[in-house]
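Start from the sequences, fold in the hints, and give me the full structure.
Using our numbering, read the sequence shown as starting at 1 and increasing by one per residue.
It should be emphasised that the hints constitute simulated quantities derived from the structure, not laboratory data. Do not take every clue at face value.
Unchecked claim - Label-pair restraints from in silico Cβ distances:
1. 11 <-> 89: 28 to 38 Å
2. 88 <-> 41: 10 to 20 Å
3. 88 <-> 29: 32 to 42 Å
4. 41 <-> 67: 12 to 22 Å
5. 59 <-> 83: 13 to 23 Å
6. 88 <-> 11: 29 to 39 Å
Even for Gly, the Cβ is constructed at its ideal location relative to N, Cα and C.
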Amino acid sequence: MSLSVPEALSRRRTRVDGVLVAVTYRPAGSPVGLVGRLADGSTEVDLVWLGRREIPGITPGRRLVAEGVVHSGELRPTIFNPAYQLLREDS
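What follows is the structure, encoded as structure tokens:
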């Protein structure tokens, strides 16, 4: 993944890969969205799909590659509506 804080603040298009360690819905009162926390063992980034309640294959433990513009988030760097590719379960 190699995503650093300066890179997150620069708002550059970035490609990240790792394992979804958590998938949550946004709280009531917030816009509808699905949030996945992607980790590679050293860094974590939030992937936020606005307007989605669920996405087939986006589940904890799933490996994927995501790409999008990184923004500094409240807790972690965040990519909104990332393009993504699910990786095989055994890879």
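Violated hints, by number in ascending order, as checked against the structure
none
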